[in-house]
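Next come the chains, spelled out residue by residue.
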Amino acid sequence: MSIFDLFRDNSKTPKSAHVAKERLKVIVAHERHQRNAPDYLPALQRDIMDVIRKYVDIGPEQLQVDINEEGNYSILEVNVNLPK
Amino acid sequence: MAKIVVITSGKGGVGKTTSSAAISMGLALRGHKTVVIDFDIGLRNLDIIMNCERRVVFDFVNVIQQEASLNQALIKDKRCDNLYILPASQTRDKDALTKEGVKKVLDDLAEQFDYIVCDSPAGIEQGAQMALYYADEAIVVTNPEVSSVRDSDRILGILQSKSFRAENNQPPVREHLLITRFDPERVARGDMLDVPDIEEILAIPLLGIIPESQAVLNASNKGMPVVLDEKSDAGQAYLDTVARFLGEDKPHRFLEAQRKGFLKRVFGG
Numbered sequence: 023m024s025i026f027d028l029f030r031d032n033s034k035t036p037k038s039a040h041v042a043k044e045r046l047k048v049i050v051a052h053e054r055h056q057r058n059a060p061d062y063l064p065a066l067q068r069d070i071m072d073v074i075r076k077y078v079d080i081g082p083e084q085l086q087v088d089i090n091e092e093g094n095y096s097i098l099e100v101n102v103n104l105p106k
Numbered sequence: 652m653a654k655i656v657v658i659t660s661g662k663g664g665v666g667k668t669t670s671s672a673a674i675s676m677g678l679a680l681r682g683h684k685t686v687v688i689d690f691d692i693g694l695r696n697l698d699i700i701m702n703c704e705r706r707v708v709f710d711f712v713n714v715i716q717q718e719a720s721l722n723q724a725l726i727k728d729k730r731c732d733n734l735y736i737l738p739a740s741q742t743r744d745k746d747a748l749t750k751e752g753v754k755k756v757l758d759d760l761a762e763q764f765d766y767i768v769c770d771s772p773a774g775i776e777q778g779a780q781m782a783l784y785y786a787d788e789a790i791v792v793t794n795p796e797v798s799s800v801r802d803s804d805r806i807l808g809i810l811q812s813k814s815f816r817a818e819n820n821q822p823p824v825r826e827h828l829l830i831t832r833f834d835p836e837r838v839a840r841g842d843m844l845d846v847p848d849i850e851e852i853l854a855i856p857l858l859g860i861i862p863e864s865q866a867v868l869n870a871s872n873k874g875m876p877v878v879l880d881e882k883s884d885a886g887q888a889y890l891d892t893v894a895r896f897l898g899e900d901k902p903h904r905f906l907e908a909q910r911k912g913f914l915k916r917v918f919g920g
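Residue numbers (this note's numbering), protein chains in the order written: chain A, 23 to 106; chain B, 652 to 920.
No wet-lab data here; the hints were simulated from the structure.
As the structure is a computational prediction, the values presented were derived from the model and not from experiment.
Where hints are given, some of them may not hold.
Unchecked claim - Capping the alpha-carbon separation at 30 Å, the derived lysine-lysine pairs in BS3-like fashion look like this:
1. B:Lys901 x B:Lys873
2. B:Lys654 x B:Lys901
3. A:Lys47 x B:Lys813
4. B:Lys729 x B:Lys754
5. B:Lys727 x B:Lys750
6. A:Lys43 x B:Lys813
7. A:Lys43 x B:Lys901
Stated by the list, open to error - The calculated label-pair distances, taken between Cβ atoms and stated as ranges, are:
8. B:Asp900 x A:Arg54: 57 to 63 Å
9. A:Ser96 x B:Phe815: 51 to 57 Å
10. B:Leu906 x A:Ser38: 16 to 22 Å
Even glycine gets a Cβ: it sits at the ideal position worked out from N, Cα and C.
Hey, can you work out the whole structure from these sequences and the hints?
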């Protein structure tokens, strides 16, 4: 910090270390989730995709397949965004 | 019982070999009979960091393939009687390492040594997986930087699912976080991830913090593990790290930014 810094306005932009931490929290949580998912998940996602594509043309980013553990059972969550 | 310690990180260039050399020398200086193995087959570097590159005759792969005995391949450190180096092959590729071959060598070493330190190659493929497979303890070397932290988390995932201990339902590999190239001034300015940030994201116990230091390059230039430069900040930080690894309670040092002189504070720099 020098007197020259006083003339710059740093207050509006968050510090880059803070940005790094927030980005890391998101990516690490996402990757841990994927790691713990069953091996068949990517294949299942592909098959669901193929079935939907028989009827509606969607891209890979419009389909989300997740498995969530809830105590002693798991929930398969399929989210499809259909184009208008 | 010999302890197998892997020094790993996923990402390259974060200081695995520097840390392997420093920690194995540190353990040896504390009186523990220690061997350090270079698992980076085809791209060995531990030998040059340890200043024994001209003494390599046989290597790790020669021993696995029974072309040489273990004692023919082990290189005794000239500075410390308790320390031996098992160099990597410079000519073979990573597939030369097999689980059975590595196990045989580790079992034989366990008869002679207290600590077996495995210097992992970068990446998450065969070489890195072999280096961590039989580990009892893992020291995960991380720089305060996004790609390094992310890769460390991936390596932790592999330790927790693909190590011998994980596959055989044994107690998990003990994980330790070693932060290297830490720069307190950049942290103070908000330009670098701070220690608690990295601890929070990786959620493993902190073993040590090594400051960014000129001493590390000086030491590697001379082929000297940086712990032998006892006056340097990095050397002392590694010695503290070894003491903590052996169960001692040592406060973390070198976390404060240096106080600047009046002129520097006024004009920056």
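Structure-based check of all given hints:
Distance hint between Lys901 of chain B and Lys873 of chain B is fulfilled; the C-alpha atoms sit about 29 Å from each other, no more than 30 Å. Between Lys654 of chain B and Lys901 of chain B the CA atoms are separated by roughly 22 Å; this keeps the pair inside 30 Å, and the hint holds. Between Lys47 of chain A and Lys813 of chain B the alpha-carbon distance is near 24 Å, which keeps this suggested pair within the 30 Å criterion. About 28 Å separates the Cα atoms of Lys729 of chain B and Lys754 of chain B, which keeps this hinted pair within 30 Å; it holds.
Using a Cα cut-off of 30 Å, the hinted pair Lys727 of chain B and Lys750 of chain B holds, with the two alpha carbons roughly 26 Å apart. Of the supplied pair hints, the one linking Lys43 of chain A and Lys813 of chain B holds, its CA atoms being roughly 28 Å apart against a limit of 30 Å. Pair hint Lys43 of chain A plus Lys901 of chain B holds up; C-alpha atoms about 27 Å apart against a cutoff of 30 Å. Roughly 31 Å separates the CB atoms of Asp900 of chain B and Arg54 of chain A, a value that falls outside the hinted 57 to 63 Å.
The hinted window of 51 to 57 Å between Ser96 of chain A and Phe815 of chain B is violated, with their beta carbons roughly 28 Å apart. Checked against the given bound of 16 to 22 Å, the beta carbons of Leu906 of chain B and Ser38 of chain A, roughly 20 Å apart, stay inside it.
Hint compliance for this structure: hints 8, 9 are not met, and every other hint is.
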